[in-house]
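Protein chains in written order, with this note's numbering: chain A, 1 to 307; chain B, 1 to 307; chain C, 1 to 307; chain D, 1 to 307.
Hints are not guaranteed to be accurate.
Identical chains blur together in the list; that is why a pair holds if it fits in one copy or across any two.
[What the hints assert, rightly or not] Taking lysine to any residue and the SDA-like style, the derived pairs with C-alpha atoms no more than 25 Å apart in a straight line are:
id	residue 1	residue 2
1	260	189
2	121	152
3	237	5
4	45	237
5	237	128
6	121	159
7	121	28
8	35	169
9	242	13
10	135	31
11	77	135
12	301	159
13	121	96
14	135	290
15	42	122
16	135	245
17	70	10
For the record, the hints were derived by calculation from the structure and aren't laboratory data.
Protein chains: 4
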Amino acid sequence: VSRLSSTSSGRLDVSGIYPPIATPFNMDESIAFDKLTENMQKWNKIPFGGYVVQGSNGEYVYQTAEERIKVVEHVVKAAAPGKVILAGSGCESTRDTIEMTNRMADVGADGALVVTPSYYKGGMHNRALISHFTKVADDSKIPILLYSVPGNTGIDLDPEVIIVLSCHPNIIGLKDSGGDIAKLAHLVISTQSNDFQIMAGSAGFLLPAYLIGCVGGVCGAANMLGQELCDLEQLYKQGKLKEATNLQQRIVAPNACVTKRFGVPGLKVAMEWFGYYGGPVRSPLQPITSEQEEIMRTVFKLSGFIH
Amino acid sequence: VSRLSSTSSGRLDVSGIYPPIATPFNMDESIAFDKLTENMQKWNKIPFGGYVVQGSNGEYVYQTAEERIKVVEHVVKAAAPGKVILAGSGCESTRDTIEMTNRMADVGADGALVVTPSYYKGGMHNRALISHFTKVADDSKIPILLYSVPGNTGIDLDPEVIIVLSCHPNIIGLKDSGGDIAKLAHLVISTQSNDFQIMAGSAGFLLPAYLIGCVGGVCGAANMLGQELCDLEQLYKQGKLKEATNLQQRIVAPNACVTKRFGVPGLKVAMEWFGYYGGPVRSPLQPITSEQEEIMRTVFKLSGFIH
Amino acid sequence: VSRLSSTSSGRLDVSGIYPPIATPFNMDESIAFDKLTENMQKWNKIPFGGYVVQGSNGEYVYQTAEERIKVVEHVVKAAAPGKVILAGSGCESTRDTIEMTNRMADVGADGALVVTPSYYKGGMHNRALISHFTKVADDSKIPILLYSVPGNTGIDLDPEVIIVLSCHPNIIGLKDSGGDIAKLAHLVISTQSNDFQIMAGSAGFLLPAYLIGCVGGVCGAANMLGQELCDLEQLYKQGKLKEATNLQQRIVAPNACVTKRFGVPGLKVAMEWFGYYGGPVRSPLQPITSEQEEIMRTVFKLSGFIH
Amino acid sequence: VSRLSSTSSGRLDVSGIYPPIATPFNMDESIAFDKLTENMQKWNKIPFGGYVVQGSNGEYVYQTAEERIKVVEHVVKAAAPGKVILAGSGCESTRDTIEMTNRMADVGADGALVVTPSYYKGGMHNRALISHFTKVADDSKIPILLYSVPGNTGIDLDPEVIIVLSCHPNIIGLKDSGGDIAKLAHLVISTQSNDFQIMAGSAGFLLPAYLIGCVGGVCGAANMLGQELCDLEQLYKQGKLKEATNLQQRIVAPNACVTKRFGVPGLKVAMEWFGYYGGPVRSPLQPITSEQEEIMRTVFKLSGFIH
């Protein structure tokens with residue numbers, strides 16, 4: 001994939017800030033591809049490392065297999081040159097995950113973000129998860145990143161599993177949304193000899209994550225605060241720690257609104273404030289109430305991001 | 001649906017014992033339709049109320065939309081006359097659930113078992129769940145039953161939600177796998193004026209469930225101990241409580257093996273002992289170890305079901 | 001202890017209904033011993049098997065070591081002849097539990113209810129719990145019952161642990177408040193050769209518990225519905241299953257109010273309605289709101305227990 | 001308290017590194033006061049801000065009220081001049097907590113660390129917790145710090161509660177052991193106008209915690225790696241971020257061993273390697289196995305802290 005940069009050991013370089021892009025829907029819940037194009041045109045002006053398509057913020061679980069692929073294909077075409085496209089390809093079964101990953105590769109994804117299967121919680125022990133990810137990595141045409149998001153799946157990838165899997169040549173990294181910074185630090189050290197790239201799963205701890213060795217962040221808040229998060233990354237890299245800390249602190253509360261507190265429905269409302277198309281969520285997700293919107297607006301105002 | 005019996009208020013009668021049938025796979029994980037036919041021929045000789053197809057024991061989450069429907073179609077054709085076919089049609093999104101339910105109706109399902117959506121746990125509040133099930137019931141061609149299985153989904157349907165939904169003319173019942181008998185008793189009383197039918201979700205508490213007013217059971221153990229569970233039902237109905245209690249007590253430990261302890265991989269091994277085709281599970285589920293198989297064999301021997 | 005009855009193997013017989021008595025406080029939170037006497041005089045007229053003192057409903061965690069013992073002493077003196085006194089003597093450490101148990105024995109307790117220690121959750125593995133209860137039973141002057149109440153402690157006693165401990169000559173039973181009737185049935189069968197007595201920990205599943213072999217119940221609701229629960233026991237024993245079921249069903253919702261829904265603060269309010277002294281709870285517990293009281297009153301009215 | 005430093009607003013200054021000291025026991029589980037003196041003599045040579053006595057690492061739940069106070073008194077006397085003594089005074093009831101706090105103040109504690117009450121989980125809502133801490137702070141002779149340790153208590157103090165309580169003149173800070181760095185950052189910003197001091201509850205995220213505005217750390221690992229943690233603090237303050245990061249990374253794995261992985265039993269074994277007295281834990285805690293000790297030894301070796 002010559003247009004993209006590589007790590008020292010020749011792996012796809014996934015460093016930088018990635019918005020896990022929200023999938024825009026029309027009022028009838030059909031996919032609004034035109035709005036997606038418009039949002040992409042704005043995002044393309046921001047120095048993102050690339051895009052995550054069909055992650056949790058993309059409401060991927062609410063889309064058919066065909067829709068999941070079409071959205072990836074659309075983002076590949078709309079992305080500015082040099083942007084890495086990471087596609088969320090996880091399914092509950094190993095066979096479906098392999099097929100989905102390769103179909104997404106066929107339409108142009110550079111890498112795949114593979115969420116932990118989670119339905120039979122008692123059966124998803126370490127042995128099963130190692131087997132699952134190994135088979136997917138073996139058969140995938142593109143490199144994969146592990147994706148652990150216990151708040152949605154109820155499954156928290158064990159550090160031992162991650163360390164074992166970091167040795168696989170086609171497993172190049174991890175997105176961890178659990179938020180346990182000590183766990184992340186432990187993983188950074190334990191996997192660094194494998195050129196394994198760990199990405200913070202939230203803007204709420206982006207600076208601490210950089211500090212302990214993460215290479216970037218997949219941050220829901222980058223859907224509307226993308227430039228600010230890229231600024232934070234730059235401040236950190238330039239050693240301007242005091243300014244970085246101030247910016248990090250301003251981001252914490254708005255970030256909480258568009259993640260844990262109000263979820264994708266909150267995220268889509270906030271996107272509208274910043275000139276992006278948000279639009280409705282798919283059912284059974286419900287829009288936030290007007291009271292919740294007021295709370296969120298106050299938080300964004302107090303942080304100085306809106307007036 | 002004239003071939004089936006109705007309740008006093010004219011609803012589809014789902015009383016009785018239902019095996020939530022395991023989907024048989026070949027060694028390459030493709031669906032073994034011939035083995036499904038053979039299993040059905042044996043089950044058809046047992047006085048079941050009907051069959052649950054594509055429930056949790058059917059590994060429905062590991063099948064494509066097409067596969068889910070084909071298996072339902074196959075079971076409809078292979079079932080003896082008079083058996084009620086309840087199809088597991090739940091998807092994460094409301095729109096996919098409606099489409100799946102109606103496609104299953106089109107191939108002959110009599111009712112649908114609709115599991116709670118569960119991915120965005122923070123968003124699956126009571127308001128969202130009521131909205132979801134109401135829309136599905138409004139648009140479904142066949143009556144639906146609510147399906148709460150917190151062990152897999154992490155979502156435990158609130159009694160208040162169930163009571164509200166029991167008023168909907170097209171929501172005729174509930175399968176509850178949580179095992180909290182006091183909760184079930186409370187639901188039986190609170191919904192009885194709506195002719196709402198509650199089914200125990202496990203053989204482990206079948207007799208207590210009958211006692212507090214449940215109308216039947218969807219019991220994983222019925223895949224291999226179907227006649228015994230129908231006997232238990234009969235003993236209860238004839239007032240032979242002592243014999244019923246003895247049988248219930250013998251069933252508890254084997255039932256735990258094929259549900260919580262060893263899951264679907266255990267269930268499929270035990271089916272082989274009773275002359276059914278079990279076969280492999282789909283990955284990422286893993287076969288049980290030989291040590292686990294020995295434990296399970298001991299439990300079934302001590303209970304007197306195998307020698 | 002000649003005044004009390006024994007099981008066939010000579011153990012203290014703890015069958016029957018036991019109220020886990022609420023500890024009455026004055027408005028300044030001091031213990032209202034006079035009110036305790038008055039409540040006891042009313043309870044003594046009901047055919048209870050005995051009393052549980054200093055269980056979770058007794059707010060034992062809010063009392064000093066001295067207070068815990070004084071209340072037991074008071075109940076011993078105020079109890080009618082023939083009532084078994086079971087004292088909640090569990091502390092976090094093994095040494096404190098042994099001392100507390102023997103001090104309660106010294107003031108007249110017939111048996112002790114020993115709750116699982118729970119603070120260091122990671123350290124309370126099966127080996128630690130078996131060691132704890134074995135040491136307590138070895139050194140206790142009176143027989144002990146295991147007490148598992150995961151809703152408060154976060155620790156759910158594993159069936160394997162209970163079965164191992166049921167072999168100890170000084171561990172005569174279990175109070176389980178988890179409410180998983182299949183687990184209880186499994187325990188009844190697995191421990192019956194040891195003359196082990198299992199008690200339901202809630203009135204919400206009392207009849208099912210009797211049915212699968214429990215010997216009685218320690219039921220918070222017996223603080224105000226004691227006669228009704230003894231009636232339920234009698235109906236069961238007389239084989240009047242239909243009447244028993246009706247009564248069980250009426251009890252479910254009021255029982256939920258004074259346990260899970262509104263806790264000890266709800267229990268104490270409801271006691272007042274039935275002529276008992278309820279009084280305040282100790283801080284940090286808070287009284288229920290007037291809205292909650294109205295809900296509770298409606299539930300009790302609908303069930304026909306108040307007018 | 002003239003010998004101690006104050007913050008700009010005149011509050012007790014609790015910045016710096018604090019070991020939450022392990023309580024040494026003799027083989028018969030009695031308190032080894034002589035060993036405590038010896039450990040203190042070693043710790044006094046390290047530039048700690050002070051000591052936490054009777055925190056979770058002190059096995060305070062396994063001690064009688066008298067023992068808890070005597071250990072505090074002993075530490076007060078053995079501490080070098082200028083060290084701040086923070087005593088863990090939390091009990092389940094408000095009244096016991098107030099009494100314990102003031103008795104610890106009487107023997108010389110400078111501040112109190114008050115853990116969340118946790119037994120009646122359903123009753124420990126925000127209103128109850130605000131009421132509890134307010135009453136304790138109102139009646140305490142010394143300033144208090146909130147102590148949230150959900151891994152042990154199952155109660156995670158809500159940010160809203162902390163922010164409300166930070167306005168109380170006698171509540172000067174928080175020790176948070178949950179490890180959610182984004183939550184800590186949010187709290188730092190939201191409470192900074194109140195001169196509220198937030199302390200990291202683990203060495204696993206000490207540097208990130210400093211970075212987002214915490215004033216210090218109460219770190220179990222400081223029982224044996226105290227100098228190293230004080231070095232980390234200094235490197236951070238001198239802006240030597242690269243060296244600080246390296247040291248932080250080396251500390252993560254050993255810290256995990258003496259906290260989440262092996263708990264107090266692991267901590268006490270590791271203390272012996274560094275010349276401190278560790279000794280036995282009180283039952284029901286169990287010593288670690290020899291296999292666990294080997295794992296721990298390997299981790300400490302790989303990190304370069306032992307040879």
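For each hint, the structure was consulted:
| no. | hint | result |
| --- | --- | --- |
| 1 | 260 to 189 | between (28 Å within a copy, 18 Å between copies) |
| 2 | 121 to 152 | both (13 Å within a copy, 6 Å between copies) |
| 3 | 237 to 5 | within (18 Å within a copy, 36 Å between copies) |
| 4 | 45 to 237 | within (20 Å within a copy, 37 Å between copies) |
| 5 | 237 to 128 | neither (39 Å within a copy, 43 Å between copies) |
| 6 | 121 to 159 | both (18 Å within a copy, 20 Å between copies) |
| 7 | 121 to 28 | between (34 Å within a copy, 24 Å between copies) |
| 8 | 35 to 169 | neither (37 Å within a copy, 39 Å between copies) |
| 9 | 242 to 13 | between (28 Å within a copy, 23 Å between copies) |
| 10 | 135 to 31 | between (32 Å within a copy, 20 Å between copies) |
| 11 | 77 to 135 | neither (29 Å within a copy, 36 Å between copies) |
| 12 | 301 to 159 | between (38 Å within a copy, 19 Å between copies) |
| 13 | 121 to 96 | both (18 Å within a copy, 23 Å between copies) |
| 14 | 135 to 290 | between (46 Å within a copy, 23 Å between copies) |
| 15 | 42 to 122 | neither (44 Å within a copy, 30 Å between copies) |
| 16 | 135 to 245 | neither (41 Å within a copy, 35 Å between copies) |
| 17 | 70 to 10 | neither (29 Å within a copy, 45 Å between copies) |
Hint compliance for this structure: hints 5, 8, 11, 15, 16, 17 are not met, and every other hint is.
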